[in-house]
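Protein chains: 2
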Amino acid sequence: MVSLALYPPPALAGSVTAGPLREFMLHGSDRTMRELSAGLEADTLRQLDAVISTSSRLKKGDTLYQAGAPFTALYAIRQGSCKTTVLGEDGREQVTGYHMVGDIIGLDGIGTERHGCEAVALEDTTACALPFARLEKLARTSVTLQHNIYQFLSRDIGRDQDMMLLLGSMQAEERLAVFLLNLSERYQQRGYSSTEFVLRMTRQEIGSYLGMKLETVSRVFSRFQEVGLLQVQGRSVKLFALSTLKQIAGRR
Amino acid sequence: MVSLALYPPPALAGSVTAGPLREFMLHGSDRTMRELSAGLEADTLRQLDAVISTSSRLKKGDTLYQAGAPFTALYAIRQGSCKTTVLGEDGREQVTGYHMVGDIIGLDGIGTERHGCEAVALEDTTACALPFARLEKLARTSVTLQHNIYQFLSRDIGRDQDMMLLLGSMQAEERLAVFLLNLSERYQQRGYSSTEFVLRMTRQEIGSYLGMKLETVSRVFSRFQEVGLLQVQGRSVKLFALSTLKQIAGRR
DNA sequence: CGACTAGTTGAGGCCAGTCAATGTTGGTGG
DNA sequence: CCACCAACATTGACTGGCCTCAACTAGTCG
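Protein chains in written order, with the working numbering: chain A, 1 to 252; chain B, 253 to 504.
What the hints contain is simulated information worked out from the structure, not anything from laboratory work. Possibly wrong hints are sitting among the right ones.
To be verified - Below, a list of computed lysine-lysine pairs in the DSBU-like style, where the Cα atoms sit at most 30 Å apart:
1) B:465 <-> B:498
2) A:246 <-> A:213
3) A:238 <-> A:213
4) B:490 <-> B:465
5) B:490 <-> B:312
6) B:498 <-> B:389
7) A:213 <-> B:389
8) A:137 <-> B:490
9) A:213 <-> B:498
10) A:246 <-> A:59
11) B:389 <-> A:246
12) A:60 <-> A:238
From a predicted model like this one, the values you see are computed outputs, not experimental measurements.
All chains should be built: construct the whole structure from the sequences, respecting the hints.
In structure tokens form, the structure reads like this:
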């Protein structure tokens, strides 16, 4: 079911013997945490491991950081998942991200020295702080690390732009299809099933993320289920036809 | 009319005597180009100036780089303006950015080594290439430059998130109000009038940027004009009531 | 068990999209 | 210089997809 065969990545498995970094490797955090440490010299890896400091344990609903709070560190999710939300001045709230194991969040705080959004745990979650000043300092000693940091900041921009495309020009069914395919891929990268998973967000939150109302989310789920595309039971989802989903996601 | 009183910024004016960088200072590029060079040592500034290499002259409609093209450099707009667009696999196109003098674009290419979007000149435009490898190398010798690069990458993320908020939860009037206020602010930062400017995009492009159809853009403009908020004449806009516009932008 | 939150489903309305006709602008060549 | 054309913009009438409001159901947790 859970194909862990690919983990830990052979090139890295031996180089770090202890510390949180190893854990990230073992748990197949294919995304940002691996991106950050990709290709690093053994020495830098060890130091990076040391930078990963205090890890917070969060209960469902706890906030990791608030919008406007002084920025000091990035956070790597070690377990669980988070949403990030931005707030309009009028109080309206929008989910801007759904983050899982291995993701690094808080990147938007670097520019302004304050967190631009709020991060809230969607389930019991542990997150490691990566004090940015120390990361920056370490990056001065490692060309690769420096490059990796640029890269994952940049990738975030790319992802946000894809999201803008979704929000600006897709309709309800396409949006949900894209969302589900994105989750599918990310779960797979982490070694979980790509067709069977549990949503950690409410319909309301999914709707906010995708720019639609909760009722619409619910209706689209039902419609997808009716035509045999998937099966939903509250928050557990089974995808039956990834290819059809892809068609829906990319149509018009 | 054009208040150039603030330019060049006193602290920087004397430190670079020639080269493109000085030009950016003089023309009040308050945004990214200044951000990039903020607080740099005289020596680094000189070297940065040297990194700014070939400048391309683009005619209206020319593309500076295409989506998918290998990424080698960032581009600083020295004159004129550009739009950036992403393309869905189905061919649908969405404007993701509107960039003017001083803006640095192409940031989303760093992560994937390929440009994620396409940049097209909206008028006759000149842009300077900043070969990223050289920039990166220079950043190794200057803590401040390194920090500045992180910062403006990060700010871009913040801006994209604001855009997601707009696309995900605002309606037509709010969107256009936000758009106009954003332009107003940016023109002001550059020393131009904050209430009177010429749009360099068609209704179609504005619509694409804001996630609405060109007819809707046109109608909202007309409505705003009817109530005396502004005056539109094709692409020239005069704003009469910034405060009301702000109200509209932040309501619900 | 009752109170609460999350989710589903239906009915109706509205905002923005679609389609279409007309007006305006700007660039080109005679 | 003006006529012409193409691209851009405006406006109207109609449509439709999503939102709103509301009722009902299904879990969850003291």
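Which numbered hints are broken by the structure, listed smallest first?
6, 7, 8, 10 and 11
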